[in-house]
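> Top to bottom, those sequences are chains A and B. The opening position of the first sequence corresponds to residue 0 in numbering that gives the first Met the number 0, with each subsequent residue numbered one higher. The opening position of the second sequence corresponds to residue 0 in numbering that gives the first Met the number 0, with each subsequent residue numbered one higher.
It is worth saying that the hints were derived from the structure and are not from the lab. Remember, predicted model here, so these are calculated numbers, not experimental data. Some hints could be false.
Lysine-lysine pairs mimicking DSS-like chemistry, simulated, CA-CA at most 30 Å apart [what the hints assert, rightly or not]:
| # | chain 1 | residue 1 | chain 2 | residue 2 |
| --- | --- | --- | --- | --- |
| 1 | A | K348 | B | K404 |
| 2 | B | K402 | A | K515 |
| 3 | B | K13 | B | K535 |
| 4 | B | K608 | A | K348 |
| 5 | B | K233 | B | K146 |
| 6 | A | K202 | B | K605 |
| 7 | B | K506 | B | K548 |
| 8 | A | K202 | B | K146 |
| 9 | B | K404 | A | K515 |
| 10 | B | K146 | A | K348 |
| 11 | A | K202 | B | K535 |
Take a look, some chain A residues computed to stay more than 12 Å from chain B by CB distance [claimed, not checked]:
| # | residue |
| --- | --- |
| 12 | Y267 |
| 13 | V372 |
| 14 | D509 |
All C-beta atoms in this analysis are idealised placements derived from N, C-alpha and C, irrespective of residue type, glycine included.
The primary structure of each chain is shown beneath.
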Amino acid sequence: MKDDTVKLGLKAAGQATERPISIAIVAMGGQGGGVLTGWIVALAENQGWVAQSTSVPGVAQRTGATIYYVEMMQANETGQKPILAQMPTPGDVDVVIASEYMEAGRSILRGIVTPDRTTLIASNHRALSTIEKMSPGEGIADSGAVDDAIGVVAGQEIVFDMNEMAVRNGSVISASMFGSLAASGALPFPREAYKDVIRQGGKGIEASLRAFDAAFARTEQGPDHVDPEAPQVAPAFALPQRLADTRANALVQRIRSELPEQAHQMAYLGAQKVVDFQDAAYGDEYLDLLADLTAKDAAAGGADKCFAFSATAAKYLANAMAYDDVIRVARLKTRSTRRTRVAEEVGLKDDQILNTTEFMHPRMEEVASTLPVGLAKWLIAKKGLYNWLDRRIVKGRRVRTYSLRWFLPLFFVGGLKRMRRKSLRHQTETAHRDAWLAKATGALKQNYDLAVAILCFRRLIKGYSDTHVRGLSKFDKVMATTKSISTREDAADWAQRLLTSAIKDASGDDLDGTIKTIESFQ
Amino acid sequence: MAERSFAREVEDLKLGEGDLFRGEGILAITKALLQSGVAYVGGYQGSPISHLMDVLADANDILDELDVVFQSSASEATAGAMLSASVMYPLRGAVAWKSTVGTNVASDALSNLASGGVKGGAMVIVGEDYGEGSSIMQERTHAFAMKSQMWLLDPRPEQSCMVNLIEKGFELSEASNTPVMLQVRVRSCHMTGEFQAKDNKRPDFTLRDALNAPKRDLDRIVLPPAAYEHEQEKIQKRWPAGVDFIKQSKLNEVFGPTGTKKTGKTGLIVVGGMYNSTIRALQFLGLCDAYGNSQLPIYVMNVAYPTIPEEVDAFCEGLDAVLVVEEGQPEYIEQAINTRIARTKRATSVHGKDYLPIGGDYTAAVITDGITRFLGDHEAERLGNRAPVPDPVPILTNPVVEKLKEVVPPRPPGLCTGCPERPIFAAMKLVFEELGEHHVSADIGCHLFSILPPFNIGATTMGYGLGAASASAFNVPGAKRSISIMGDGGFWHNGLTSGIGHAVFNKHDGVFVIVDNYYSSATGGQDILSSRAFNKRRQTNNSITDAVKGVGANWVRQIDHTYDVNQMRDVLMEALTTDAEGPKIIVASSECMLNKQRRVKPQIAKAVKDGKRMIKEKFGVDEDVCTGDHACIRLSGCPSLSVKELDDPLRDDPVASIDSTCVACGNCGEVADAAVLCPSFFRAEVTHNPNGWDRFRDRVAGSVISYLQNRREARAVSFEG
């Protein structure tokens, strides 16, 4: 800024004149920002203040980010009313209320949260944006970045999960945010004045008051007594000493004696997963493979690397062995815990009856691959018969899970796991798994980190039908590219980059881009 | 039935002399119309004027009592033409629409209306949609006012000023035989405030009176030679009459020091709508208090067009320089004032866009910057020691905040939970996977959200109802067919003739999808011709399919349940591949879910409470079946379909998850089926108040199922303690 003070020889003209209290409510359309805005205006008017709110509704109501703005001030001694602005000025906002954590982040980027002025009241729960949800793997924005920024920009910060608090009290987020606003002391109005406003409203007054009080108390007291200095250490994993079920116990003892400690947790969880998928013998097969990999790990100096290879193998091998087939789906859908979970999800009461409908679309491939290898190959070779069956099988089916007509066949399919290990699918999966493990162990001697990265590629294989096929093709691309650079020292970094771009982008353009980059420096 | 009900608020329209009115801007506008004695009102919805139309619809009984005729206009052209009732008769009338889009549509009527002039006061309320949150960023209504010579009122954003301008606007219209426009910006429409109410006025002369004693005056009809006379009349009679009235009624205002107290060298000329932001800017500079007591003289042009020369002269008297605060471009007002100053050879220099940005929102921060630089050059002592103004830059350039830029995801508006248009685009995406991408012409309406992720469908949008018309060039038999999309609102607005009629006549080979969701949904759920609801004041239930067949379309497919993605996909596929000649028209109908829920939810709750057997549905995801590839989300984007992290170290990626806002539209299940995704989706059906047969069946099945489950689970290897 230009400083003409000396040149012009003027006396200080003083600071900017007194301005109204300004409050911005940043929200997503349909989140009740309008209700909260109405409450704040009523609050001020009930106290004899002049208040004005503005908003930009329209399409913003349809789930987009939007902003409501309130200004309030008393008339002056001669009865003149204040001139109130219609939108927030960056750097000049007293209170910002954010109904979602990334929206709090957006308000910071708008410049309306500044340390000299702003009380930031933000709920730190997340409602994910489409972009975050779309990526074929982990695409969720980092809330830590918002934590960091709030620490820098907010004059006063009140941050907790206001949504959860509202829901717990049978209300909606506007009520808990109103409670936090009252407790923040940012407005010169007594607590009862806020509650009177809620009481003037129509529906759910009691629940709103409960949520209001809870948020008020939480804001005043701060978070439950957690000593921020005490480092948060996750309790170290310990294998159970022994299990009642002898079959399970045998596996646990094998993990203890044959695998390094660093792999115990993953191996324990992995063993449970594969046993649940098939049987105890399959668990032994899993541990046999792991023991072999661990031996190779140790030979490659794994002890110095915390046996990362073994631990990673324990994780992804379990996933590879418990592949998604119709038998697994049928078992998961028909087990008792599943019904219990759904009943909880819908809040089922005693005098109500629950049923579920599954949307299944079995394809001939899935059916054929479940058959024993010989039969499956014969059937696939018989084009005419295969196609005839295909036409009968391939169609969307609405499966009423808890009717006997559907439960019994589903249950029966779930029981087919006895013949699973003879199936074509099992043969295919086993071959793929072995080839993958061979590549990983092949790299182990030469480049330990690369070997670990290759194990992680397994993450790309997931989904059913086309998605599964796409996943496989990405896996192949990533694998082939990695092979071409396996002699480079930074091969592991590039492998990691390949994996990341494959996970982030469904179309595969990102992955192709990374591959191009790699090809360019060869 | 509109999305938002004003049934309670319209009661305030009955307030009378001495009462204090308190409420939203649009209600204040409606109240002002009633206080002005209008005989008829009409208009077309669209933000920010949608709620004005909703208020009028909800206030229909009050309007009836006052003998005011209210029409839901078919388009802005209809509304504009409706004002012709004020040409021959002393009838006051007002119509409203979103501008500039609506003014574009109404222009033909407005040109003719302005040519012949009016006898009764005629007013167009335009929701000026310039700036943040707007559909057409760069355009202003000002240009239309000038080209047709209609007076343009732009009141200060304060309700008593807005109400006064509306009342005075009718008088101005009558005094100068000129139709008047009153513009209110988005934020003013939805701004709360208060004003002293007056009694509502019944029109002295009603439409009934006019119909019973019809009049015609050849001089007022736009036909030569009268039309030539109109031009002279505009210049010689109406213009001076308008200027006189504006002066006498003091529609424009002067604030700050006047007379002998006006000792400074500079002043501000501000259009009404910019006043509040300007005052805030002056506050930041220490030149004004919060109550508008300014140290700088300010001329507030509540009438943005025409400029009143004598007022400009008087204001500029003694000033070295003035700054014109006028949003948008071209700088019409600055030019007008410059012309006046130049012709009178006054020494005042006129500034505006040389200190303020040419385009974009004039926020308080922008105006503060402009005024600072203006004063710095012309009266620097006003700025004193230049105390700091609010400045977010140090915060925004902090590395921690800079980092945030990469983290915070964009959140544009999208299709609502359960929207019936979602499966249409999911089906289209599936078709494109088989047949490759096609050129898609989009329209205005909720379906335009298809342009955004996850669908990324749609190449152009040319205006409301013009989706089909904008594909008209792509009539190339043998090539990949073009697809155009149009909503039911746009269809009735003009799309039936501009799009479908055109395609039939020209034997267009393309595919035309008409999205019929029973309302004008994007504008807030107003009823239209094809709405299915009963509306005692309007004739609804007019079929779109019949209409397109009526103009000669042969290949027409009606889909009554858009959620059937398989069917939707098959029909699209057929339309794109059939040998049939002429346009392939698909009418995809399902009720707007936002409106449906509002209608159905209370009914279901009541039925359950009354002990009736009801089945409530909700979708869910089996998280152990879901593999976390999110293919379902890439075909949906439903707000209730999200992802969640699992507490399982074996798994890396979050799985799909459906929250409690799910309305069980069925899209998830249908898409999973049609795209052969995965079997993790399920629909949970809870039977409330089950009957005897339900209970019996549940008991029998339940006991068999429990027996089987127990047997299997008892044999399983247990890792429990």
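> Each hint needs a verdict: does it hold in this structure or not?
Status of the hints after comparison with the structure:
1. Proposed proximity of K348/A and K404/B is contradicted: the alpha carbons are some 46 Å apart, above 30 Å.
2. Between K402/B and K515/A the CA atoms are separated by roughly 28 Å; this keeps the pair inside 30 Å, and the hint holds.
3. Taking the CA atoms of K13/B and K535/B, the gap is near 23 Å; set against the 30 Å cutoff, the hint holds.
4. Proximity of K608/B to K348/A is assessed by CA-CA distance (about 14 Å); at most 30 Å being required, the pair is judged to hold.
5. Only pairs whose Cα atoms come within 30 Å are accepted, and K233/B paired with K146/B is accepted, the gap being roughly 12 Å.
6. For the given pair, K202/A sits about 16 Å from K605/B by alpha-carbon distance, which is consistent with the 30 Å threshold.
7. The suggested pairing of K506/B with K548/B holds, with an alpha-carbon distance near 14 Å, which does not exceed 30 Å.
8. Among the hinted pairs, K202/A with K146/B is inconsistent with the structure: their alpha-carbon atoms are about 51 Å apart, more than 30 Å.
9. Of the pairs offered as hints, the one joining K404/B and K515/A holds, with about 28 Å between alpha carbons and a cut-off of 30 Å not exceeded.
10. The straight-line distance between the Cα atoms of K146/B and K348/A is roughly 68 Å, outside the 30 Å bound, and the hint therefore fails.
11. The hinted pair formed by K202/A and K535/B meets the criterion: a straight-line CA distance of about 29 Å does not exceed 30 Å.
12. The Cβ of Y267/A sits about 8 Å from the closest Cβ of chain B, inside the 12 Å cut-off, so the non-interface label is violated.
13. The Cβ of V372/A sits about 24 Å from the closest Cβ of chain B, beyond the 12 Å cut-off, so the non-interface label holds.
14. Remark: the non-interface label on D509/A is consistent with the geometry, its nearest Cβ contact in chain B lying 14 Å away (cut-off 12 Å).
Figure legend: structure checked against the earlier numbered hints; hints not met, in rising order: 1, 8, 10, 12.
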